[in-house]
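There are 2 protein chains.
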Amino acid sequence: MKINQNYSNLCESYLFASIAKKTAEYKAKNPQKEIIKLGIGDVTLPLAPSVVAALQRASAEMGVKETFRGYGEYQGYDFLRNAIVGYYAEKGVSLEIDEVFVSEGAKSDVGNILDIFDKDNAVLIPDPVYPVYVDTNVMDGRKIIYLEASAKNGFLPPPDPSVEADIIYLCSPNNPTGAAYDAQGLRAWVDYANDRGAVILYDAAYECFISDKSLPSSIFEIDGAKNCAIEFCSFSKTAGFTGTRCGYTVVPKALIRDGASLNKLWLRRQSTKFNGVSYIVQRGAEAVFSKEGRGETAKNIAYYMDNARLIGDAVAKKGAYYTGGKNSPYVWFECFDKKESWEFFDYLLENYGIVGTPGAGFGEAGKNFFRLTAFNSRENTRKAVDRLLSK
Amino acid sequence: MKINQNYSNLCESYLFASIAKKTAEYKAKNPQKEIIKLGIGDVTLPLAPSVVAALQRASAEMGVKETFRGYGEYQGYDFLRNAIVGYYAEKGVSLEIDEVFVSEGAKSDVGNILDIFDKDNAVLIPDPVYPVYVDTNVMDGRKIIYLEASAKNGFLPPPDPSVEADIIYLCSPNNPTGAAYDAQGLRAWVDYANDRGAVILYDAAYECFISDKSLPSSIFEIDGAKNCAIEFCSFSKTAGFTGTRCGYTVVPKALIRDGASLNKLWLRRQSTKFNGVSYIVQRGAEAVFSKEGRGETAKNIAYYMDNARLIGDAVAKKGAYYTGGKNSPYVWFECFDKKESWEFFDYLLENYGIVGTPGAGFGEAGKNFFRLTAFNSRENTRKAVDRLLSK
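Read top to bottom, the protein sequences are chains A and B.
If you're matching positions, the first sequence starts at 0 in numbering that gives the first Met the number 0 and goes up one per residue.
If you're matching positions, the second sequence starts at 0 in numbering that gives the first Met the number 0 and goes up one per residue.
Just so you know, not all the hints are guaranteed correct.
Which copy is meant is left open, because identical chains are indistinguishable; a pair holds if it fits in one copy or across any two.
With a straight-line cut-off of 20 Å between C-alpha atoms, the simulated EDC-like cross-links for lysine to aspartate or glutamate are [said to hold, decoys possible]: (1) 1 / 139; (2) 142 / 60; (3) 20 / 72; (4) 212 / 95; (5) 366 / 378; (6) 298 / 65; (7) 290 / 305; (8) 142 / 117; (9) 64 / 378; (10) 118 / 134; (11) 32 / 134; (12) 212 / 60; (13) 64 / 291; (14) 337 / 349; (15) 212 / 11; (16) 382 / 339; (17) 252 / 342; (18) 142 / 89; (19) 118 / 139; (20) 1 / 257; (21) 36 / 89; (22) 316 / 60; (23) 382 / 147; (24) 36 / 139.
Rather than coming from a laboratory, the hints here were simulated on the basis of the structure.
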């Protein structure tokens with residue numbers, strides 16, 4: 000019996016555990032000081048009323064013989080996939096219903112999609128980035144090439160023609176940097192991938208925060224993307240589903256690699272290792288696309304975006320270079336006095352009573368940067384901003 | 000870019016598609032004939048009232064700021080894991096809360112657990128069996144050894160000391176044969192696995208149908224099992240959750256292989272590629288263990304078991320050898336006149352208007368057997384039985 004030895008190559012991440020420990024220690028020493036947490040990447044506003052109503056209706060249906068539902072479709076119910084197809088149509092992207100796969104979250108799909116690729120592929124991963132991309136490839140033993148993002152490229156690195164990659168991760172708007180590619184930036188990546196026969200794994204979990212209408216909110220808005228990209232999307236940030244769990248992945252039928260349809264491979268993977276998302280949750284997700292649901296969730300997104308703007312403006316007033324804050328709930332800024340990010344964590348906590356996330360937690364290239372998030376209340380966000388600007 | 004070539008070694012399964020096609024063709028030719036479907040492995044009774052109430056309560060909580068829940072624990076909420084630990088305590092099995100992993104279904108876990116094992120392990124899979132065990136290992140390119148179940152061993156094959164296996168699948172009560180190991184039968188497997196340092200993947204998805212109190216309903220009732228087994232369980236059949244989606248997997252801390260804790264490896268896998276089950280669904284699952292929930296779900300299980308008994312008795316009266324029907328919702332019997340199972344499918348449809356599942360769909364060793372299920376209504380089950388006994 001041999002275990003998967005690649006697991007021993009994983010770095011243990013103590014990022015959020017370290018933050019919690021440092022915060023608790025500070026609190027114990029300074030019990031009278033009020034700490035404001037702008038470190039979390041989790042939503043705080045409750046589900047929209049129309050979503051709750053849909054969840055309750057579906058729960059009731061499950062208790063009645065005539066409307067009870069057993070196993071659903073592996074790819075998700077038609078009612079939800081049709082709503083997703085309609086949402087893409089508004090972006091000018093035409094999808095077929097069987098290009099859409101409903102899942103219990105983008106994180107699972109981003110990890111599980113690797114099942115359909117050989118271990119022997121070179122993987123290009125931006126730095127800094129959401130750690131799941133790296134960890135899931137380390138688990139499989141794939142070769143990882145890092146793509147450095149920095150202030151020089153606005154944390155939106157372009158393709159480097161000298162790098163040979165087979166699988167490319169892009170996250171836009173980015174976690175943690177909040178930077179979002181424009182159409183030209185994405186087109187360069189689509190061309191690069193199509194030239195090389197590579198596949199782009201496009202994480203669009205934060206697409207709902209794009210308010211600048213000139214920016215693409217799906218990679219499929221770019222010509223040729225259906226020949227090279229898989230897009231991951233989620234209701235987590237769009238509609239506060241982090242604890243309700245629903246996402247979806249788009250695998251175009253035009254995406255053929257190594258003689259195989261990736262759509263068919265993914266269907267085979269999902270139908271073998273997955274049994275579909277809860278009917279109740281799918282009804283909740285469907286309600287997100289209703290007229291009422293759209294209005295209600297837009298209000299929540301606007302609330303977070305106003306917080307993001309407040310934070311971004313404050314950071315700018317402090318003279319720091321930053322990305323995000325505009326089309327993203329994250330503000331990513333250079334630590335004052337170019338401090339190292341863990342050192343800056345202590346500095347921010349001690350001087351302003353604010354907790355954030357050190358950039359080093361997202362990769363080597365983040366070591367002088369810091370992430371603040373827009374998910375706290377308006378009141379606390381204002382208080383944090385006032386503190387930042389007070390001295 | 001190379002795809003995972005192992006996918007090309009998968010056999011396309013047309014089992015249920017073929018059944019649907021044959022049934023539709025027969026119906027088109029014989030529109031006046033009423034067909035009774037005893038082929039499905041899906042539940043039909045609605046969720047218990049106390050479960051529906053819990054789902055609705057949790058949905059309402061998600062719509063209120065003070066009770067809203069974002070990301071939960073990767074392993075599941077304590078309230079549910081504590082309830083599961085309590086359920087095992089009733090079986091005389093003592094578990095720690097962090098040995099329990101809540102998931103959105105046993106199928107996903109049975110497939111995903113393979114991530115933590117090296118490709119280079121020999122896998123022992125009973126034949127006939129639930130096709131997911133085979134397919135998920137083919138996807139990884141592992142060597143599969145088949146273990147033939149037959150009437151000779153009551154479809155409960157014992158270990159063969161001459162076979163060297165690293166990963167062993169056991170499903171008890173079995174899908175499709177309905178046969179359930181007794182303590183002595185399981186002990187032989189536990190000893191075999193511990194002797195060799197192998198791991199048993201024990202699928203207990205049908206444990207709630209065990210009515211014979213002398214039979215173990217968890218492999219952990221056997222001494223030494225915590226040193227060699229992982230157990231997969233589900234609310235699908237226990238409480239009609241096939242469309243609601245919740246299961247759990249028990250990975251004992253005492254299970255060490257190749258110098259590593261499989262509990263820690265699985266936690267690492269799940270925390271990297273999974274984000275927990277919907278809070279709402281977990282509250283529904285918790286209600287299954289409440290006093291009301293236990294009573295309500297027990298009534299549903301008894302209903303199915305009465306159906307199973309009717310089918311088993313009828314098959315016996317026809318003089319056929321059969322397994323299951325007692326501690327399982329499945330009746331697995333030898334095709335009359337030793338017909339081949341697909342031929343028997345046609346025979347049963349044409350002569351009795353009954354649809355079932357040909358044993359060949361579950362493996363080579365099932366080719367002269369047939370599966371009928373207890374999940375239809377009492378009325379239809381009685382009608383089918385009357386037809387069988389009428390000629």
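Structure-based check of each hint:
1. 1 / 139: Cα proximity of residue 1 and residue 139: in one copy and across copies (15 Å, 14 Å).
2. 142 / 60: Intra 48 Å, inter 45 Å, cutoff 20 Å: neither.
3. 20 / 72: between (44 Å within a copy, 18 Å between copies)
4. 212 / 95: Result: close neither inside a copy nor across copies, 24 Å intra and 52 Å inter.
5. 366 / 378: Cα proximity of residue 366 and residue 378: none, with 30 Å in one copy and 69 Å across.
6. 298 / 65: between (36 Å within a copy, 19 Å between copies)
7. 290 / 305: Neither: 23 Å inside a chain and 47 Å across chains, both beyond 20 Å.
8. 142 / 117: Both ways: residue 142 and residue 117 sit 11 Å apart in one copy and 18 Å across, limit 20 Å.
9. 64 / 378: Between copies only: 15 Å across chains, 47 Å inside a chain, cut-off 20 Å.
10. 118 / 134: both (14 Å within a copy, 19 Å between copies)
11. 32 / 134: neither (37 Å within a copy, 57 Å between copies)
12. 212 / 60: neither (39 Å within a copy, 35 Å between copies)
13. 64 / 291: between (29 Å within a copy, 19 Å between copies)
14. 337 / 349: within (17 Å within a copy, 81 Å between copies)
15. 212 / 11: Answer is neither: 40 Å inside a copy and 45 Å across each miss the 20 Å cutoff.
16. 382 / 339: neither (25 Å within a copy, 76 Å between copies)
17. 252 / 342: Neither way: residue 252 and residue 342 sit 48 Å apart in one copy and 37 Å across, limit 20 Å.
18. 142 / 89: Cα proximity of residue 142 and residue 89: none, with 38 Å in one copy and 48 Å across.
19. 118 / 139: both (6 Å within a copy, 11 Å between copies)
20. 1 / 257: Classified as between; 6 Å across copies, 30 Å inside a copy.
21. 36 / 89: For residue 36 and residue 89, the Cα distance exceeds 20 Å both inside one copy (36 Å) and across copies (43 Å).
22. 316 / 60: For residue 316 and residue 60, neither the intra-copy (54 Å) nor the inter-copy (40 Å) Cα distance is at most 20 Å.
23. 382 / 147: Answer is neither; intra-copy 34 Å and inter-copy 69 Å both fail.
24. 36 / 139: Answer is neither: 35 Å inside a copy and 43 Å across each miss the 20 Å cutoff.
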